[in-house]
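Engineer: Sequence:
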Amino acid sequence: MNGERVTAREETMANMLAVIAAGDLSTQAVLAAEALRKAAAALGHTIQVEVRSSLGVRNTLPAGAAQGAQGVILVGSGDLGEERFAGLKRSAAALDAVLRDARAVLEQALATAPAQAPARTGTKKIVAITSCPTGIAHTFMAAEGIQQAAQALGHAVRVETQGSVGARDTLTEQEIREADVVLIAADTQVDLARFAGKRVFKSGTKPAINDGRALVERALAEAQPHGAAPAPADGVAVGKAERAAAQRSGPYKHLMTGVSFMLPFVVTGGLLIAIAFALGGIYVFEDSQQGTLGNALFQIGAKGAFALMVPALAGYIAFSIADRPGITPGMVGGILAANLGAGFLGGIVAGFIAGYATSFLNRNIRLHKNLEGLKPVLILPLLGSLITGLAMIYVVGAPVAEALAVLSAWLKGMQGSSAILLGLLIGAMMAFDMGGPVNKAAYAFSTGLIASQVYTPMAAAMAAGMVPPLGIALATKLFANRFTREEREAGNAAGILGIAFITEGAIPFAARDPLRVIPALVLGAALTGAISMGIGAELKVPHGGIFVLPIPNAVTHLAGYVVALVAGTVTTAVALRFLKRPVSSVVTA
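Going by the UniProt record's numbering, the letters in the sequence shown line up with residues 1 to 589, in that order.
These are computed hints drawn from the structure, not numbers from a lab.
A couple of the hints might just be wrong.
BS3-like, lysine-lysine: derived pairs with alpha carbons at most 25 angstroms apart [what the hints assert, rightly or not]:
(1) K124 to K198
(2) K580 to K477
(3) K89 to K125
(4) K125 to K206
(5) K202 to K125
(6) K89 to K38
(7) K206 to K124
(8) K89 to K124
(9) K198 to K375
(10) K124 to K202
(11) K125 to K198
(12) K38 to K477
Distance windows between CB atoms, simulated [to be verified]:
(13) A441 to S418: 16 to 22 angstroms
(14) L515 to V406: 39 to 45 angstroms
(15) L558 to T484: 34 to 40 angstroms
(16) R84 to I365: 49 to 55 angstroms
(17) P399 to V57: 55 to 61 angstroms
(18) H226 to F445: 31 to 37 angstroms
(19) A193 to R84: 29 to 35 angstroms
(20) L386 to T556: 40 to 46 angstroms
(21) G154 to Q299: 56 to 62 angstroms
(22) I499 to N364: 47 to 53 angstroms
(23) P264 to L192: 21 to 27 angstroms
(24) H226 to S417: 49 to 55 angstroms
In this text, a Cβ means the ideal position worked out from N, Cα and C, and glycines have one as well.
With the hints as extra help, turn the sequences into a complete structure.
Structural biologist: As structure tokens, this is what we get:
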């Protein structure tokens, strides 16, 4: 009898393969690989998992691994090396899906029909680009959503991610040439020069994350040749298209494009200034310190990187509106804004003036085809800079400078209840949609004020943005009966993302139970923001999480700042304990 049981088990045992492509999410990739191994062992199967991330390739599959395997699971986006698995049944899964329920992913893979069946006549080749303002979480989550959806629909897909470290898995000219449709899922401006004449469909990142299948189907059905007008349609369809276009290319998106290009200057300048103060003391910027390393670092940070913050902001707002011809007028306007004392507010105004003015000129100036080449390199930059410069000097520069001076003085003089209320607002906004428009609005406001030497809102924003994933991670440890086994395992990844100030680590939990989770996140983050503003903590760099805390002078009132972070984290965890219901399926380890 025992022999019969062993034989039956051997007959049903499957040998599976998996490849995980995770880009910068290397920690989540390792956690997903371990989850798949545990799920396979629990089901009586074996699985070999190869992990591909920005750190390289781990556990590379042997050359002949596909010969003895029953199937392969392709997780995430990017180069998965699919050519190795010809004739092998395949299934696609998102990284979040594996972290959430690896067993379900594995069971679905075992039941998947062979992918090597005759190719569908409707198979399309799709190339896509994903990008978000910070270039971290939403960029890669959207890429995974698109790849999973396209593969489920039987289409070939390649996704280029334009993240915080630049473009990864860059599309080749051949791939673009052979593509049936180009899908742009981005919250920032993407250069479309490569796709001239191709059918292009534009969207934000959220549709790709929330319902990638629907987005891919819409792209295939509604994409238009780049530069062509939409095909005639009924009034309702036209209205929807116009609203979608307005959402994709409206002022918010232009502003976020500028902020995303400004961030590296802010981070670099802030860190160099902090290190300069650590080496040379608080008077390192004085002439008496010339020639010292501290003074040199201060010059690079303050008069180099920081001096380019506002021009970069203005230049890339204009780029988002008017494409490349808008960069020069925008940066010229940004320099003038900085020189006039109008700061980041002046940079924003200059960027929009330059962008819309250059776009208007581009549409209305008509030249002979032999002279068209002069427009982008001479006529548009010259006239756009002239209009923007005169507007900044004679019209908007002085009033915006006065408004910024009043705002800066008010913020610097904030004490007591006023500071606490602002901290509550910033904190709540950072946690409300975890990387969405509300979060980015608070973050952009706080980051922009660094150029005016107002650092308290930035401190509140970063601490509050760390609370949602950290609070969830703590709750999964202290109140395990409120979470499923998969959620408790995913809590580890959320904690790692939280300490790095990646608020999006809380999204999978909020998506499952928004009415209970989001209020808990907002409560903890608002408390953290209020405490940070109340004690007057200042942060001179806009990112980095806990890793910037040990840098001398990067954060003031460090002990109180840490207390604010801990208080918000504990508050969120306790709130989750009372708001979430016990999970009946939890088994105590």
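Engineer: Does each hint fit the structure? Answer for all of them.
Structural biologist: These are the hints, each one checked on the structure:
no. : hint                             : result
1   : K124 to K198                     : 14 angstroms, holds
2   : K580 to K477                     : 14 angstroms, holds
3   : K89 to K125                      : 20 angstroms, holds
4   : K125 to K206                     : 22 angstroms, holds
5   : K202 to K125                     : 17 angstroms, holds
6   : K89 to K38                       : 21 angstroms, holds
7   : K206 to K124                     : 23 angstroms, holds
8   : K89 to K124                      : 19 angstroms, holds
9   : K198 to K375                     : 24 angstroms, holds
10  : K124 to K202                     : 18 angstroms, holds
11  : K125 to K198                     : 12 angstroms, holds
12  : K38 to K477                      : 20 angstroms, holds
13  : A441 to S418: 16 to 22 angstroms : 20 angstroms, holds
14  : L515 to V406: 39 to 45 angstroms : 40 angstroms, holds
15  : L558 to T484: 34 to 40 angstroms : 37 angstroms, holds
16  : R84 to I365: 49 to 55 angstroms  : 53 angstroms, holds
17  : P399 to V57: 55 to 61 angstroms  : 56 angstroms, holds
18  : H226 to F445: 31 to 37 angstroms : 34 angstroms, holds
19  : A193 to R84: 29 to 35 angstroms  : 34 angstroms, holds
20  : L386 to T556: 40 to 46 angstroms : 43 angstroms, holds
21  : G154 to Q299: 56 to 62 angstroms : 58 angstroms, holds
22  : I499 to N364: 47 to 53 angstroms : 52 angstroms, holds
23  : P264 to L192: 21 to 27 angstroms : 23 angstroms, holds
24  : H226 to S417: 49 to 55 angstroms : 53 angstroms, holds
Of the hints listed earlier, there is not a single one the structure fails to meet.
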